[in-house]
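A.B. asks: Take a look at the letters that make up each chain.
Protein chains: 2
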Amino acid sequence: MKKLLIASSSSVHGKGYLEYILPELAEFFKGVNEILFIPYARPGGITHEAYTEVARKGFESIDIRIKGIHEYSNPMDAVNQAKGIFIGGGNTFLLVKQLYDLKLLSTIKNVVENGTPYFGTSAGSNICGLTMQNTNDMPIIYPPSFDTFGFVNFNLNCHYLDPDPTSTHMGETRETRINEYHTLNKTAVLGLREGSWLHIKKGKIILKGSLNARLFQQNKPALELPPNTDLSFLT
Amino acid sequence: MKKLLIASSSSVHGKGYLEYILPELAEFFKGVNEILFIPYARPGGITHEAYTEVARKGFESIDIRIKGIHEYSNPMDAVNQAKGIFIGGGNTFLLVKQLYDLKLLSTIKNVVENGTPYFGTSAGSNICGLTMQNTNDMPIIYPPSFDTFGFVNFNLNCHYLDPDPTSTHMGETRETRINEYHTLNKTAVLGLREGSWLHIKKGKIILKGSLNARLFQQNKPALELPPNTDLSFLT
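Chains as they are written, first to last, in my numbering: chain A, 1 to 235; chain B, 1 to 235.
It should be emphasised that the hints constitute simulated quantities derived from the structure, not laboratory data. Among these hints, one or two may not hold up.
[To be verified] If you want the footprint, here are the derived chain B segments under chain A, 3+ residues with CB under 8 Å:
{"no.": "1", "stretch": "11-23"}
{"no.": "2", "stretch": "41-47"}
{"no.": "3", "stretch": "124-134"}
{"no.": "4", "stretch": "140-151"}
{"no.": "5", "stretch": "173-181"}
{"no.": "6", "stretch": "184-195"}
[As the list claims (entries may be wrong)] If you want a taste of the chain A side facing chain B, the calculated C-beta under 7 Å gives, among others:
{"no.": "7", "residue": "S9"}
{"no.": "8", "residue": "G45"}
{"no.": "9", "residue": "G171"}
Where is the CB? At the ideal position from N, CA and C, for every residue including glycine.
Whole structure, please, built from the sequences with the hints as guidance.
C.D. replies: Put into C-alpha cells, the structure is as follows:
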C-alpha cells in the first residue's frame, strides 16, 4: 500500500528548511532511521553534495540519517534497498531528465507502489502526478517525456499562487496557465499552496496544512478544497 | 538581410493591444499592406479565428490587413507568399509543437532570413532565440524539440520581471531560473521587460522602448543594458 507525503514546498516564509512539516515527517517516517535523498533537481544549480547536506541538516532534529543517491555506485540498487525516499525541489525538467537517463523512474515507482514511504517537495511532488506538465519551472533541459510517476491520478501545481489584483504585469496568472492546459488535456490539476501537503495512506489522499487547495478540472469551475478533504474521489 | 521586431509583450499595462508599439509597426511594415498572422500559441486557449480577429483589430488603425494562416489550405504556401509575418503570444510549447508538426519552422526561418519582415510578441519572440528554453510558459504539450529559429544568437526571456523584495513566496525568481539554466547551458539570455523590443535591421540588434534589458551570460554578473544598445556583439 502506497505511503506518500507530497508537499508544495520545502519551506514556508519565515521558517527554516522543512521546519513547518517536521512533526508530520517524524510521524510519517516512524521506525525509519535512514532515508535515500535524490538531489537531481539541483535548486539554483547547487551540487548533489551541497543539496544532500541541506537535506541532512533538515532531518537532523528528528534523528533520521540522509544518504544521497550519488553516494552509491549503483543508484538502482540504492532505490531498491531504501527504507524511505525523499526527492527535493529544484528544476523539474532536470529532475525528470535524470530519472529517465538513469532508468530510475520505473524503479522508484515500483518500490513506492510496494510500500517504501516517499516524501516529495516541489519538483519532487510535481512528479507524483501523471505528468510534469503543470510545473512552474523553466525548461532548462529537454526530458525524453513529460510522463511521471502517477502516484495520484491527477497533476500537481506546487507553490500555487493566487492572482495579484494589484499587479500591472501582463504575463499569465497561474490560473490562466492551468486553464490553457485544460484546453488540450483532461487531467485534473491540484494547485497546492505553500505550506500545504497531501498525505497518502490506506488509499486516502488527505489535504493537510492550514490552507485550502484549488482544484482545476476540465470544463468545470475551479473548486476551493478545505484542509482534510479526501481527494481520492479523483482516482 | 533579416528585418525583425521582437517584442516582449503585445500589450503594456493600461494600453490596448499593440497600442504602445503601433508607430514602430507602421514604420517597420511601410509598403506592406497585408501580413500573415500565425495564431498557433492560442493565449488562454482561444481559437485561431478569435485570435486572428484580435490581431486584425490591432493592425486596423495603421491600415494593414491581417490574414490568419489557418485561412489557407496550405500553410507552407502562405508563409512563402507572405509579405510580412506576425506570430503572436500565448503558450510557447503549443506554438513550437504546431510549427514542428506542420513543418513550418524551417520554412519561416528561410523566408525571414531572406528578407520577409517578421514581428513577434511574447511566445512569438521567444522562438526567435536559439531555443525556447527561457520561456515562462507551462509545458502543456510536449514539442519534438526545444530548438527554435535562432534569428539571434542568444535566447529571450519575455515579460522579464525583477524580483519583488516584499514577496513572501518561496518559488524561484526569474533571475534564479535563468541562473539555473546557465548551470547547464552556455547560451546568453536577454531578459526583455514589458514595453521593450529588439529591432533587427542591417545586421544590428537595437534595444528599443524606454526600459533597460537585463543580459545574463554564463559565469558573468548580469548586466543592465540601456535603450539603444546594439546587441550584435552577442553574435
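A.B. asks: Hints first: check each against the structure and report whether it holds.
C.D. replies: For each hint, the structure was consulted:
1. With a cut-off of 8 Å between beta carbons, the stretch 11-23 of chain B has 4 residues touching chain A; three or more are needed, and the interface restraint holds.
2. Counting residues of the stretch 41-47 of chain B whose CB lies closer than 8 Å to any CB of chain A gives 4, so the stated coverage by that chain holds, three being the minimum.
3. Residues of the stretch 124-134 of chain B with a Cβ under 8 Å from some Cβ of chain A number 3, which satisfies the need for three, so the listed coverage holds.
4. Judged by the Cβ-Cβ criterion of 8 Å, the stretch 140-151 of chain B is covered by chain A as claimed, because 5 of its residues qualify and three suffice.
5. For the stretch 173-181 of chain B, the stated coverage by chain A is satisfied: 6 residues place a CB nearer than 8 Å to a CB of that chain, which reaches the threshold of 3.
6. Only residues whose C-beta sits within less than 8 Å of a C-beta in chain A count toward coverage, and the stretch 184-195 of chain B has 3 of them, enough to reach three; the restraint holds.
7. The beta carbon of A/S9 is positioned within 7 Å of a beta carbon in chain B (closest approach about 5 Å), and the interface hint is therefore held.
8. For A/G45, the shortest C-beta to C-beta distance to chain B is roughly 3 Å, which falls under 7 Å, so the interface hint holds.
9. The closest approach between the C-beta of A/G171 and any C-beta of chain B is roughly 4 Å, which is under the 7 Å cut-off, so the hint is satisfied.
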